[in-house]
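Quick one: dock chain against chain with the hints and give me the complex.
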Amino acid sequence: MKPVISIKEITKIYHVGEIQVHALRGVDLAVQSGEFLSIMGASGSGKSTLMNVIGCLDVPTSGSYHLDDIDVSSLSRDAYADIRNEKIGFVFQGFNLLPRTSALENVELPLFYDRRHRIKNPQHAAREALERVGLADRMHHVPSQLSGGQQQRVAIARALVNQPSILLADEPTGNLDSRTSIEVMSVFQELNGQGITVLLVTHEEDISQYTKRIVYMRDGHILRDQKIEKPVSARQDLEKKMEEADAAAL
Amino acid sequence: MLQLSNLLKASFKSIMKNRMRSLLTSLGIIIGVGAVIVMVGIGSGSQKRIAQEISSMGSNMIVVFPSFSQRGGVSRGAGSFNRLTMDDADAIREEATLVEHVSAIVMSAGQVIGNGNNWNTSIQGVDPDYLNIRMWNIASGEFFSDRDIRSRKKVAVLGVTVVENIFGDLDPIGQKIRIRNTPFRVIGVLEEKGQDARGQDQDDIILAPSTTVQSRLTGERYINMINVSAVSLESISRAQEEVTAILRRQHKIDYGQENDFMVANQTAITEMASETSRIMTTLLGAVAAVSLVVGGIGIMNIMLVSVTERTREIGIRMSVGARGRDILTQFLLESVVLSISGGLIGILLSIGIAFILNTWTDIHVAIGTGIVLLSFTFAGTIGIFFGFYPARKAAGLNPIDALRYE
Ligand SMILES: Nc1ncnc2c1ncn2[C@@H]1O[C@H](COP(=O)(O)OP(=O)(O)O)[C@@H](O)[C@H]1O
Ligand SMILES: [Mg+2]
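Just so you know, the protein sequences line up as chains A and B, in that order.
Residues in the first sequence are numbered from 1494 upward in steps of one, following the numbering used here.
Residues in the second sequence are numbered from 6 upward in steps of one, following the numbering used here.
Same shape as in the complex, but just chain B (with noise of 0.2 Å):
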């Protein structure tokens, strides 16, 4: 065999000489391989930023919501679905032994006035306990207390979304709003939290007294939700037992019968999510990577069209004393050549496309050095697969009938 320096250079030759086909050839490789890494990427981004959240939210946390049920075989009708009510968490502040925090969740939303401006938030009816379930912070002023609760204050806790909206750079602490026309005093600012894993902003909230939001706002018996922190990680599963017999005995539910409430703890609701990101990653990344297959099939066709349109060049090549396997060679170099310089392309692509996603969308791209690597490979392995057969062709020909080509 020749020197593969010189095959690779008379293979760079004949690339640079048929630039449009040489670049149409790559393209399936390189939006194959840019695609492959950005969809991975995306998917291993969102998976992360779920993983940041379960920490951010306290690995303790149980929630309680209600559910539809039918006692008997028969539905109780609408009124039932929502039933949880402020003693069922009053029950579990006092019985459950395995529980440390208990917070009532009472939702609502709506306008809210103040210092001339107005804004449209979700308001939350919590307990003083809240902050503690949730892991989150006050960063100046003061959350309201056990007796807030009892007297049902008109106080409230914003998020600094909300303070940006209302107040800008005024200082919020003591502040009077209107929220659906009931007056509140603003006693605190919470921290900032940021984004969640679906993108909402969690900073656009106002926090106030259960009690208060349900008699001056939603003005509904029922409460949406109970959030509880278990004693420690391990007990998490006792205290869901607990929880859950506390409340059947409060709902007066006969054994046998099934729960009208739904007890979860965190890591089982983002194990869920993580569960469907990995699976959204991996059919994302199935979906690149028949794209990637395509380009190298796409590879095929052009070496092959390539072979015949250059039956006469093969021809002279083998006239001046070519051997068949200098031809092989010579094709098969082309053919990788293309495919990994096409890889190239498509991983500098991809590194752009996540700088602008990261930059300027809320999408967040991670990209792992693994899939580089692996989709880099794939692009070579495609290279030599796809350009063997045509380059095979190209050597087995007999010298006069190349010459003799139309």
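Next comes chain A alone, as it looks inside the complex (with noise of 0.2 Å):
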């Protein structure tokens, strides 16, 4: 089976007036429809460097990016905006939703942007992807009207809305609390049960232990490649963190 990610030799160096910052030194990196990955390591060690590379959000300074077997490091800058409308979904730690702008219409906006029609009835679509992250009731608050896991689930249900091969996610927990992350967990864990392809960056052990499989960085380099055979349900977690407390009030 072809990887829907296939990644070889690839470096990103910044230039910092004189100085050069080698974020990525030859990562390679293939993934298979369905996985749900997680990178993990330090701060500094390349991790948003590499994920906003496979996004198609910035452009590697060397070495080869396949994406559905399209080699994107070859497209323009035009090409690249189209394949991060149909190819990919993004979900930021900070939500990036736009404010004074109703969660339908945050998710809608990728939509607005399908240039081949692809999505036929885009407001249905966007409601049914709010249903998927269970957000229906929410549909016409605005970002200050919701909570922070409510906002990064209008977030996931906006990464979801174009169908995309895969579903990538910045430490998508990094601003929320435990419990609030479990769940957002669980949610990602649910779309990866329906077959979505999932990344997630994350320096946080116990929310890898969500995936099925995780990579280790360090230095602009991939130090281990790790399978899970058992990953922890969120679910579970969550339903058992909820007797918990419900214990804790008797």
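By construction, these hints were calculated from the structure, which means they are not laboratory data.
Predicted model only: the values in this text are computed from it and were never measured.
We put the beta carbon where it would ideally sit given N, CA and C, even for glycine.
Treat the hints loosely; a few may be bogus.
As the list claims (entries may be wrong) - Keeping only pairs whose Cα atoms sit at most 25 Å apart, straight-line, the calculated DSS-like set for lysine-lysine is: (1) B/Lys198 x B/Lys53; (2) B/Lys198 x A/Lys1613; (3) A/Lys1733 x A/Lys1705; (4) B/Lys14 x A/Lys1613; (5) A/Lys1613 x A/Lys1580; (6) A/Lys1705 x A/Lys1501.
As the list claims (entries may be wrong) - Covered stretches of chain B, going by a simulated chain A footprint (3 or more residues, C-beta under 8 Å): (7) 228 to 236; (8) 323 to 336.
In structure tokens:
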């Protein structure tokens, strides 16, 4: 089976004045369809840089990148934009929702740039995506009226709405408390269970335990690549937490 | 590119979400367009009024008035300033062949008492020809005759403003009035003439025989002016030459010496006035145009601030698939929509101001379609011109840099 993501010898050098910062020093990675992968590592190890390259938000200095068998490294700026629209759903640590704009309109945003009209009924698709993340009753709320966990679920719905090949998330639980983090992870697990490929960056060991494969990074290299045989179920953790809370209340 | 209607919708949404910012942005354009239209409207309004005045005055009119002169380099003193006399008027009347009507003008002012009321007005001593020269008519009663002039008869013809203030609804014909203690009998009322170009009420006047005013009211040998009408429009300049020659001889001015009077025709005077008002119009328009450009720069400022402020939004849009061109079009449309709606509001504003000025003040504003279209087009162009730079700046951003922007 052909991998969805195939990365070979990717490097990324940032120029800050006279200084060169080697953020990625030759990374190889292959991800199969349906995988749930987490990238772990200390701050500054190059996780976000790798994620941005995979998400076509940034261009690598050298190396090759194939997404769905398309050689992305040779594409134009506009084609990059189209790839982001059709094949990638990106979830950020800081949610990145449009302010003063309803959840529904935020989720519809990618479909506004759906040039080939892949999705026939944008409103309907946006509603469906919000239902999938359990926010059907908050459609007309603006971000300031939503909790952090709810905002992140709107962002996930936005990432899903264009039916992407891969779902990318850079520290999606970084701004959330532990309980809400588990909630968000259960959403990702559910989506992965429906067959969506998910890659997420985290520096928390607990969070990575909910994924099926962990890639460890250090100084722009991949250090270790490890399969998890039995991932923890976020839903079960959540139920356990609730029972504990109930017990404490009694 | 995406469908224009969709992008337009997005621009409208963004404008409506930032109402205050949008209003402030447009304000420069609103004021600029409004000012240009009103200023130019005021200018062309006064030009129109001057043109009306020319036709109401009779374009054959020639005015003779005294002027200060130096003979042989030595001033002949203040007394020599006003040197026109009744004899000068008679000489023109008798000798000039290209002149149809002649009237001496003796000006005075003072209190008029009658019917238990009093009123301050100007009193002009004129000759029977005066009404022909000014193309004026009697509304009721009659005007004085040559015999009245010769006998210095104490009769008066009133303007409607004077009638209203002294007699009210009473018929003034045959009534007695006292002008500075001299009794006059009212024999006629003038047709209403309205205001002149400077907003002066032309009906606030009393006409009386020139000789009567001279002997009873001014008591001076010299008269203020002589009004003359040429036999035809074509002969005006030759009539002027003729009048000049007669007066030079009357005043015994030697060859090579300057005139101590001036002969001007009405067209020249009004041309001068309309030239002044044309320059005023241009000046006012230019000042207003500057404010329009300043408004445009205001738009650019706000758009630049908006691009910076919305860098994250641009990043978000790009991360979900917006191309550079989509961002460019959206921002360009926003500034065009802002400046065009600003222009429309400015036009409505100027129409409102024109209505108010025309209804409640003496200022006459004539709004022309030309200037409305011009300033509207200008507003739209300003939107594109000043919106382009910030829009291009937004479109050129790298998605990840835009997202990271603090
Ligand atoms: N835009 C940039 N300009 C310069 N250096 C950068 C930039 N982005 C990241 N870096 C550097 O690249 C390295 C990797 O950063 P990053 O991928 O953000 O790490 P992580 O996400 O693992 O914390 C760091 O040393 C960081 O300082
Ligand atoms: Mg990071």
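Quick rundown of the hints versus the structure:
1. B/Lys198 x B/Lys53: Holds, at roughly 17 Å.
2. B/Lys198 x A/Lys1613: 75 Å, violated
3. A/Lys1733 x A/Lys1705: Roughly 21 Å separates the two Cα atoms, so the pair holds.
4. B/Lys14 x A/Lys1613: Roughly 19 Å separates the two Cα atoms, so the pair holds.
5. A/Lys1613 x A/Lys1580: 17 Å, holds
6. A/Lys1705 x A/Lys1501: 22 Å, holds
7. 228 to 236: Our answer is that it is violated, as 0 residues pass the Cβ test (under 8 Å) against chain A, missing three.
8. 323 to 336: holds (count 9)
Violated hints for the displayed structure, listed by number in ascending order: 2, 7.
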